[in-house]
Amino acid sequence: MTQYVTPDLCDAYPELIQVVEPMFSNFGGRDSFGGEIVTVKCFEDNSKVKELVDTDGKGKVMVVDGGGSMRHALLGDMLAEKAAKNGWEGIIVYGCIRDVDVIMETDLGVQALGTNPLKTDKRNIGDVNVQVKFGGVVFVPGQFVYADNNGVIVSPQALSMPE
1 MTQYVTPDLC
11 DAYPELIQVV
21 EPMFSNFGGR
31 DSFGGEIVTV
41 KCFEDNSKVK
51 ELVDTDGKGK
61 VMVVDGGGSM
71 RHALLGDMLA
81 EKAAKNGWEG
91 IIVYGCIRDV
101 DVIMETDLGV
111 QALGTNPLKT
121 DKRNIGDVNV
131 QVKFGGVVFV
141 PGQFVYADNN
151 GVIVSPQALS
161 MPE
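Sequential numbering of the sequence shown, starting at 1, is according to UniProt numbering.
In case anyone wonders, no lab produced these hints; they're calculated from the structure.
Predicted model only: the values in this text are computed from it and were never measured.
For glycine and all other residues, C-beta sits at the position ideal for the given N, C-alpha and C.
Do not take every clue at face value.
[To be verified] Below, in silico cross-link-like pairs of lysine-lysine (DSS-like), each with a Cα-Cα straight-line distance of 30 Å or less:
#1 Lys119 with Lys82
#2 Lys133 with Lys82
#3 Lys58 with Lys82
#4 Lys119 with Lys50
[Stated by the list, open to error] Have a look at the derived ranges for each label pair, beta carbon to beta carbon:
#5 Asp11 with Lys85: 29 to 39 Å
#6 Ser160 with Lys122: 16 to 26 Å
#7 Ala158 with Lys122: 13 to 23 Å
#8 Pro162 with Asn124: 35 to 45 Å
#9 Tyr13 with Arg123: 34 to 44 Å
#10 Ser47 with Gly114: 34 to 44 Å
#11 Thr115 with Pro162: 10 to 20 Å
#12 Pro14 with Asn149: 14 to 24 Å
#13 Pro162 with Arg123: 19 to 29 Å
#14 Met1 with Lys122: 23 to 33 Å
#15 Thr55 with Val102: 15 to 25 Å
#16 Thr115 with Glu51: 17 to 27 Å
All chains, full assembly: derive it from the sequences and hints.
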């Protein structure tokens with residue numbers, strides 16, 4: 001697993017990167033992660049997140065646009081464990097998660113706005129692999145995102161850590 005350092009990536013690729021406005025906290029077992037962007041746009045319904053964690057996530061990061069809602073958790077321990085088992089590098093949630101004590105022990109990068117113990121309704125509403133925008137950045141499926149304790153950055157192409 002590659003250890004990404006976002007300040008080093010910013011210094012090495014200033015013409016490529018965009019920095020997401022600071023708003024996320026690190027909750028996952030991996031404090032650094034990166035990969036190809038796969039998006040989910042949903043509001044207080046994590047049905048599409050549940051579907052995606054069952055797919056092969058090797059080299060990918062799920063970016064979940066929950067509209068910034070703080071009323072329900074879009075990710076919990078069972079979905080995080082499935083994502084880790086299926087090779088996802090990480091999940092960034094523009095919204096809340098729950099079961100943080102277990103998620104901190106899971107081999108998965110997880111960043112979110114905060115926590116809320118209440119799960120979502122399952123209405124099968126949401127879109128997968130559409131452009132989403134939050135934090136002053138547009139997340140385009142197929143582009144790349146990198147995250148660590150310093151922040152979250154996006155790039156139109158894969159970045160490698162400088163020597």
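Tested hints:
no.	hint	in the structure
1	Lys119 with Lys82	holds, 17 Å
2	Lys133 with Lys82	holds, 26 Å
3	Lys58 with Lys82	holds, 13 Å
4	Lys119 with Lys50	holds, 12 Å
5	Asp11 with Lys85: 29 to 39 Å	holds, 35 Å
6	Ser160 with Lys122: 16 to 26 Å	violated, 39 Å
7	Ala158 with Lys122: 13 to 23 Å	violated, 34 Å
8	Pro162 with Asn124: 35 to 45 Å	holds, 43 Å
9	Tyr13 with Arg123: 34 to 44 Å	holds, 40 Å
10	Ser47 with Gly114: 34 to 44 Å	violated, 21 Å
11	Thr115 with Pro162: 10 to 20 Å	violated, 34 Å
12	Pro14 with Asn149: 14 to 24 Å	holds, 20 Å
13	Pro162 with Arg123: 19 to 29 Å	violated, 45 Å
14	Met1 with Lys122: 23 to 33 Å	holds, 32 Å
15	Thr55 with Val102: 15 to 25 Å	holds, 22 Å
16	Thr115 with Glu51: 17 to 27 Å	holds, 23 Å
Hint compliance for this structure: hints 6, 7, 10, 11, 13 are broken, all remaining hints hold.
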